[in-house]
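K.L.:
Given next are the chains, with one letter for each unit.
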Amino acid sequence: MLGYLLRRVLSTIPVMALVALFVFSLLYIAPGDPAAVIAGEQASPEDVEKIRAALGLDRPFLVRFSEWSLAVLSSDLGISMFTGMPVTELIAQRIEPTLSLMVVTITLSVLLAVPIGVIAARKVDSWWDRTFMAFAVLGFSVPVFVVGYLLAYWFALELDWFPVQGYTPIAKGFWPWLQNLILPSIALGFVYIALIARITRATMLEVLSQDYVRTARAKGVAEGPILYLHALKNAAVPIVTVIGIGVALLIGGAVVTESVFAIPGLGRLTIDAIVRRDYPMIQGIVLMFSFVYVLVNLAVDLVYVVLDPRIRY
Amino acid sequence: MNTPASMHDRAAQPRTAFPAAPALGDVLPPMRVRTGVAGFAYRYPTMAIGLVLLALMLLIAIFAPYLGTVDPTALAPAKRTREPSAEFWFGSDAFGRDVYSRVLYGARVSLAVGFAVAILASLIGLLIGTVSGFVRALDGVVMRVMDGLMSIPPILLAIALMALTRASVQNVILAITIAEIPRVARLVRGVVLSLREQPYVDAAIAAGTSTPVIILRHILPNTIAPLTVQATYICGSAMIIESILSFIGAGTPPIIPSWGNIMADGRTLWQVKPYIIVFPAIFLSMTVLAVNLLGDGLRDALDPRMAKRV
Numbered sequence: 025m026l027g028y029l030l031r032r033v034l035s036t037i038p039v040m041a042l043v044a045l046f047v048f049s050l051l052y053i054a055p056g057d058p059a060a061v062i063a064g065e066q067a068s069p070e071d072v073e074k075i076r077a078a079l080g081l082d083r084p085f086l087v088r089f090s091e092w093s094l095a096v097l098s099s100d101l102g103i104s105m106f107t108g109m110p111v112t113e114l115i116a117q118r119i120e121p122t123l124s125l126m127v128v129t130i131t132l133s134v135l136l137a138v139p140i141g142v143i144a145a146r147k148v149d150s151w152w153d154r155t156f157m158a159f160a161v162l163g164f165s166v167p168v169f170v171v172g173y174l175l176a177y178w179f180a181l182e183l184d185w186f187p188v189q190g191y192t193p194i195a196k197g198f199w200p201w202l203q204n205l206i207l208p209s210i211a212l213g214f215v216y217i218a219l220i221a222r223i224t225r226a227t228m229l230e231v232l233s234q235d236y237v238r239t240a241r242a243k244g245v246a247e248g249p250i251l252y253l254h255a256l257k258n259a260a261v262p263i264v265t266v267i268g269i270g271v272a273l274l275i276g277g278a279v280v281t282e283s284v285f286a287i288p289g290l291g292r293l294t295i296d297a298i299v300r301r302d303y304p305m306i307q308g309i310v311l312m313f314s315f316v317y318v319l320v321n322l323a324v325d326l327v328y329v330v331l332d333p334r335i336r337y
Numbered sequence: 020m021n022t023p024a025s026m027h028d029r030a031a032q033p034r035t036a037f038p039a040a041p042a043l044g045d046v047l048p049p050m051r052v053r054t055g056v057a058g059f060a061y062r063y064p065t066m067a068i069g070l071v072l073l074a075l076m077l078l079i080a081i082f083a084p085y086l087g088t089v090d091p092t093a094l095a096p097a098k099r100t101r102e103p104s105a106e107f108w109f110g111s112d113a114f115g116r117d118v119y120s121r122v123l124y125g126a127r128v129s130l131a132v133g134f135a136v137a138i139l140a141s142l143i144g145l146l147i148g149t150v151s152g153f154v155r156a157l158d159g160v161v162m163r164v165m166d167g168l169m170s171i172p173p174i175l176l177a178i179a180l181m182a183l184t185r186a187s188v189q190n191v192i193l194a195i196t197i198a199e200i201p202r203v204a205r206l207v208r209g210v211v212l213s214l215r216e217q218p219y220v221d222a223a224i225a226a227g228t229s230t231p232v233i234i235l236r237h238i239l240p241n242t243i244a245p246l247t248v249q250a251t252y253i254c255g256s257a258m259i260i261e262s263i264l265s266f267i268g269a270g271t272p273p274i275i276p277s278w279g280n281i282m283a284d285g286r287t288l289w290q291v292k293p294y295i296i297v298f299p300a301i302f303l304s305m306t307v308l309a310v311n312l313l314g315d316g317l318r319d320a321l322d323p324r325m326a327k328r329v
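Protein chains in written order, with the working numbering: chain A, 25 to 337; chain B, 20 to 329.
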């Protein structure tokens with residue numbers, strides 16, 4: 025068990041190194057010469073060369089990559105070309121809204137999607153099942169910003185139940201914070217809910233046909249405990265896997281959701297960085313999100329051991 | 020449905036005497052073989068709905084100039100932000116451009132990106148997956164690279180790639196293709212690995228068949244079914260990613276009317292003029308829905324075992 029945990033943790037290192045290599049190459053082949061940008065338009069070619077040498081930009085790829093990797097390890101992601109501030113600092117300033125959005129979305133989605141999947145599996149081929157699964161197909165087909173505008177228009181502008189846009193820090197109180205996040209979370213979670221509900225239904229269908237479920241029914245266990253204690257527990261591994269994999273969808277979707285709901289988070293930072301072609305910024309954001317994604321899936325793999333003690337690798 | 024129930028009833032009756040075997044017509048429901056289009060729609064309703072919707076969108080894209088449209092890039096500042104009317108069927112945007120014409124022409128970009136990415140990613144993924152599945156020496160390296168690429172969320176990878184290049188439809192297609200390849204490669208590799216353990220492949224090897232012929236004749240035909248299903252899903256996801264890239268200003272150049280671009284233009288006005296966003300949104304959702312329904316239908320038809328699972 026300890027061996028499995030250790031091996032699984034160690035196996036993320038090569039993956040992260042590869043991601044770092046990709047992300048670094050991205051900046052390496054990016055058009056535009058950072059030395060020329062920093063030197064300004066008045067600079068002579070000699071000045072540009074001097075700056076290039078001072079920044080170490082004239083050295084070979086591998087040397088620069090290993091230096092950059094060491095800097096990343098001490099959480100130095102470089103300097104934003106546009107603002108002149110450290111990338112790490114800019115990311116730290118914007119992380120709260122995005123993290124809040126993610127946490128609320130995941131919580132809300134799991135709380136909605138798992139019961140939907142269980143009910144659909146319990147009443148398979150019923151109208152409930154068909155309606156839920158039709159919604160799931162819709163969830164895969166309607167882009168996140170469309171859902172976002174739809175929700176914002178109806179529930180914020182027309183009905184005035186929620187604030188239209190913006191973000192309130194959690195320091196100003198839990199309720200105002202949550203109120204601002206509910207619509208964006210539903211919009212962002214739409215496809216995620218569809219994904220989790222579908223896999224929950226599928227695995228529950230398989231588990232519910234097992235002998236031990238029939239035995240439980242035969243000895244008179246009530247339907248509720250059968251579904252949520254016997255069956256769901258054994259269906260948990262694929263469900264948790266999809267919850268982890270789906271985080272990739274959330275990360276991509278958050279960029280757009282924050283734009284629709286005017287949330288000042290990392291998504292807005294990304295869009296600004298793209299518009300300004302701020303490569304160190306883009307690099308830092310992609311690297312950070314990818315590391316988070318790798319770590320989330322590592323956490324999922326470690327949770328397996330708790331969910332299913334039979335797992336041995 | 021009928022058959023097992025009626026057989027069950029028969030079995031439940033007390034057996035006084037062995038009844039004569041029932042005529043086949045009593046046990047089985049009358050066979051009605053449906054052929055042609057009606058038969059196809061009856062057997063595969065999801066695929067049929069998807070195909071019809073998709074065909075409709077294709078026709079719209081092809082015949083966009085003949086469907087009462089005007090030049091989708093023609094500016095008319097005096098007629099900006101008009102509500103939908105007889106002149107502007109879907110209204111006009113902040114520059115007075117006709118949203119109806121833009122939405123119809125936008126179908127071209129979405130479908131082109133969707134199909135191109137689906138085909139390219141499938142072919143390249145097929146190549147990488149087959150090589151990886153057959154050449155043990157390369158397998159480890161190739162799959163680690165794919166793992167690394169897969170660890171970057173696809174939309175983010177596409178955004179980063181777009182930031183490197185000029186905005187153009189070709190570059191959008193390339194960026195999304197690169198983001199989608201690893202999933203195809205993994206799928207194909209999995210199929211290849213399980214196929215090469217099959218007895219008929221062993222038999223072919225024993226008979227002295229060369230490796231290229233084995234791949235061509237025994238392996239590739241069996242990857243077509245899962246690959247087709249995967250390609251339709253990629254097509255749908257590519258269309259969504261294209262619209263997201265365009266929406267945040269990192270995709271199709273703003274001058275080309277794509278659904279994402281139209282929505283990006285309507286973004287600042289959405290509270291007062293929601294129709295600029297509503298119409299492209301409906302078209303985009305319908306098209307992706309069509310492709311996804313087609314994919315679900317194909318999956319159920321090509322692999323009946325999978326039908327029950329997801």
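Hints may be right or wrong, so weigh each one.
Unchecked claim - Using C-beta positions, here's what the derived DEER-type ranges look like:
id : chain 1 : residue 1 : chain 2 : residue 2 : range
1  : B       : 55        : A       : 300       : 45 to 51 angstroms
2  : B       : 61        : A       : 331       : 41 to 47 angstroms
3  : A       : 147       : B       : 89        : 22 to 28 angstroms
4  : A       : 198       : B       : 212       : 47 to 53 angstroms
5  : B       : 212       : A       : 90        : 48 to 54 angstroms
6  : B       : 220       : A       : 35        : 29 to 35 angstroms
7  : B       : 58        : A       : 28        : 21 to 27 angstroms
8  : A       : 90        : B       : 236       : 34 to 40 angstroms
9  : A       : 331       : B       : 85        : 54 to 60 angstroms
10 : B       : 187       : A       : 67        : 41 to 47 angstroms
11 : B       : 55        : A       : 269       : 53 to 59 angstroms
12 : B       : 236       : A       : 86        : 54 to 60 angstroms
13 : B       : 89        : A       : 327       : 29 to 35 angstroms
Claimed, not checked - Anything over 12 angstroms on all C-beta distances counts as not near chain A; from chain B, calculated:
id : residue
14 : 65
15 : 146
16 : 256
17 : 320
Please keep in mind that the hints were generated in silico from the structure rather than gathered at the bench. Even for Gly, the Cβ is constructed at its ideal location relative to N, Cα and C.
K.L.:
Next step is simple, just say for each hint if it's right about the structure.
P.N.:
Structure-based check of each hint:
{"no.": "1", "hint": "55(B) to 300(A): 45 to 51 angstroms", "in the structure": "violated (58 angstroms)"}
{"no.": "2", "hint": "61(B) to 331(A): 41 to 47 angstroms", "in the structure": "holds (43 angstroms)"}
{"no.": "3", "hint": "147(A) to 89(B): 22 to 28 angstroms", "in the structure": "violated (51 angstroms)"}
{"no.": "4", "hint": "198(A) to 212(B): 47 to 53 angstroms", "in the structure": "holds (50 angstroms)"}
{"no.": "5", "hint": "212(B) to 90(A): 48 to 54 angstroms", "in the structure": "violated (35 angstroms)"}
{"no.": "6", "hint": "220(B) to 35(A): 29 to 35 angstroms", "in the structure": "holds (31 angstroms)"}
{"no.": "7", "hint": "58(B) to 28(A): 21 to 27 angstroms", "in the structure": "violated (53 angstroms)"}
{"no.": "8", "hint": "90(A) to 236(B): 34 to 40 angstroms", "in the structure": "violated (47 angstroms)"}
{"no.": "9", "hint": "331(A) to 85(B): 54 to 60 angstroms", "in the structure": "holds (58 angstroms)"}
{"no.": "10", "hint": "187(B) to 67(A): 41 to 47 angstroms", "in the structure": "violated (31 angstroms)"}
{"no.": "11", "hint": "55(B) to 269(A): 53 to 59 angstroms", "in the structure": "violated (41 angstroms)"}
{"no.": "12", "hint": "236(B) to 86(A): 54 to 60 angstroms", "in the structure": "violated (44 angstroms)"}
{"no.": "13", "hint": "89(B) to 327(A): 29 to 35 angstroms", "in the structure": "violated (57 angstroms)"}
{"no.": "14", "hint": "65", "in the structure": "violated (9 angstroms)"}
{"no.": "15", "hint": "146", "in the structure": "holds (20 angstroms)"}
{"no.": "16", "hint": "256", "in the structure": "violated (8 angstroms)"}
{"no.": "17", "hint": "320", "in the structure": "holds (16 angstroms)"}
This entry does not satisfy hints 1, 3, 5, 7, 8, 10, 11, 12, 13, 14 and 16, going by the numbered hints stated previously.
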